[in-house]
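Protein chains: 2
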Amino acid sequence: MKTIDVCLSPELMHLYDVHDRTVVVVDILRATSCMVTAFAHGVESITPFAQLEKCLTMKTKGYVTSGERDGKKVEGFDKGNSPFEYMGDQVRGLKIAFTTTNGTQAIEKSKGAKEVIIGSFLNLNTVVKYLLLGENNVLIVCAGWKGRVNLEDTLFAGAIVEKLKDYLGPDCDAPLAARHLYNQAKADMTQFLSESSHVKRLNRLNIHKDFEFCLTTDLYQVLPKLKNGVLVA
Amino acid sequence: MKTIDVCLSPELMHLYDVHDRTVVVVDILRATSCMVTAFAHGVESITPFAQLEKCLTMKTKGYVTSGERDGKKVEGFDKGNSPFEYMGDQVRGLKIAFTTTNGTQAIEKSKGAKEVIIGSFLNLNTVVKYLLLGENNVLIVCAGWKGRVNLEDTLFAGAIVEKLKDYLGPDCDAPLAARHLYNQAKADMTQFLSESSHVKRLNRLNIHKDFEFCLTTDLYQVLPKLKNGVLVA
Chain A
1 MKTIDVCLSP ELMHLYDVHD RTVVVVDILR ATSCMVTAFA HGVESITPFA QLEKCLTMKT
61 KGYVTSGERD GKKVEGFDKG NSPFEYMGDQ VRGLKIAFTT TNGTQAIEKS KGAKEVIIGS
121 FLNLNTVVKY LLLGENNVLI VCAGWKGRVN LEDTLFAGAI VEKLKDYLGP DCDAPLAARH
181 LYNQAKADMT QFLSESSHVK RLNRLNIHKD FEFCLTTDLY QVLPKLKNGV LVA
Chain B
1 MKTIDVCLSP ELMHLYDVHD RTVVVVDILR ATSCMVTAFA HGVESITPFA QLEKCLTMKT
61 KGYVTSGERD GKKVEGFDKG NSPFEYMGDQ VRGLKIAFTT TNGTQAIEKS KGAKEVIIGS
121 FLNLNTVVKY LLLGENNVLI VCAGWKGRVN LEDTLFAGAI VEKLKDYLGP DCDAPLAARH
181 LYNQAKADMT QFLSESSHVK RLNRLNIHKD FEFCLTTDLY QVLPKLKNGV LVA
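Here the protein sequences come in this chain order: A and B.
Residue numbers for the first sequence follow my numbering, beginning at 1 and rising by one.
Residue numbers for the second sequence follow my numbering, beginning at 1 and rising by one.
It is possible that part of the hints are untrue.
Identical copies look the same in the list; a pair holds intra-copy or inter-copy alike.
[Unchecked claim] Pairs of lysine-lysine residues, derived as DSS-like cross-links and limited to a Cα-Cα distance of at most 27 Å, are as follows: (1) LYS61 / LYS165; (2) LYS163 / LYS186; (3) LYS186 / LYS165; (4) LYS200 / LYS227; (5) LYS146 / LYS165; (6) LYS111 / LYS59; (7) LYS59 / LYS114.
Simulated from the structure, these hints should not be mistaken for lab results.
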């Protein structure tokens, strides 16, 4: 039986050997939800950057730059981190350089894995089917918040573990914990997450509609995948 | 309102500022359960060591040495890591030098906190009352398994968060996750933990009775506390 594990924070990545694993990076609020939305609307590529400065230099090379820190768009960047900025005809064919507080850091730490794909509730079943048909063991990497564990990424990990429970065995306790939390939350995830720290943070920034959108399940069928450091559909 | 946070793995300790916090170290299976049992039976002190070799040298200084790695007693040490080794009249007045795979590592990383106390289900309500009456913010440090998150320590953290929910506000999502898991598990913790990785490990080592004992709530009223690097009651 293939196995599945969950890394609840990028700060724990050194504990996992990923060279033979498919890694699913998740940052529900909002980096990976944005990426999935962008590919569903036809962007050509997204190049993730851990560092703000490096990302900004891509402007001169024909890239649209997207920069977010602490939930806010960064000055000098073309776009921020709301999925609603990555919709419509105007994003088709764009090459985007993307940096966020947590999500692109998690992608950076996942390099070295056999393959890296991008997950969100928006493409949940596409991710599930891909992992089911694949031959590799799986590691879900939760982006968290500045190294700390968060609820929304853990719930997504739990959803994957739950849906694949007859096919992938848990490697350790983190997948069990995530699955228990997902099963407790799934009837009303909005309510379950209402007291979570990042949802409160987003509400303070007046972006509650982003939160609701990012919890929508299976709106898109795209599967962003890292190839030579660049995400493509 | 005072706050409470949960560090789900010692590998995340660098994210927390503990200089003004009371830290509760927990390693349910089995280091902190042993420590609480030992003090309930009158040991004088327990000196925790992260390193095996340093711990063993204490033998020449009149200490009883306790050493465990990967769930097994280490050759050359007087005792292992079963709570049943720390009961009865023969432990009264002993000075113990203690090293374990996870628990004493977590204590080592907690040094620098305003105060460090030892928690387990065996002294749960004693810990709760102490935190309630204290003036400091609280951090529960879960020992985990070699840096990975485990279920049993997370459940203990959740029990503390739940019992103090009207008095201490959560700092982040980890206390919320732990509380949700505890509330799901509390009706039958033995059943809830039956598929956890460390319980399976202990069952393979034929020490299921240790597991059952370590889940017993409020058997003892002792509160081990770190003073100058040494635990005393």
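Hint-by-hint comparison with the structure:
1. Taking the closest pair of Cα atoms, LYS61 and LYS165 never come within 27 Å of each other, the shortest separation being 45 Å inside a single copy and 52 Å across copies.
2. For the identical chains of this complex, LYS163 and LYS186 are neighbours both inside a copy (12 Å) and across copies (25 Å), given an alpha-carbon limit of 27 Å.
3. When the C-alpha separation of LYS186 and LYS165 is checked against a cutoff of 27 Å, the pair qualifies both within a copy, at 16 Å, and between copies, at 23 Å.
4. For the identical chains of this complex, LYS200 and LYS227 are neighbours neither inside a copy (35 Å) nor across copies (39 Å), given an alpha-carbon limit of 27 Å.
5. For a Cα distance limit of 27 Å, the shortest separation of LYS146 from LYS165 across copies, 25 Å, qualifies, whereas the shortest one inside one copy, 30 Å, does not.
6. With identical chains, the CA atoms of LYS111 and LYS59 are at most 27 Å apart within one copy only, with a shortest distance of 24 Å there and 47 Å across copies.
7. Taking CA atoms no more than 27 Å apart as the test, LYS59 paired with LYS114 passes in neither setting, with 30 Å inside one copy and 48 Å between copies.
Consistency with the previously given hints fails for numbers 1, 4 and 7, ordered from lowest to highest.
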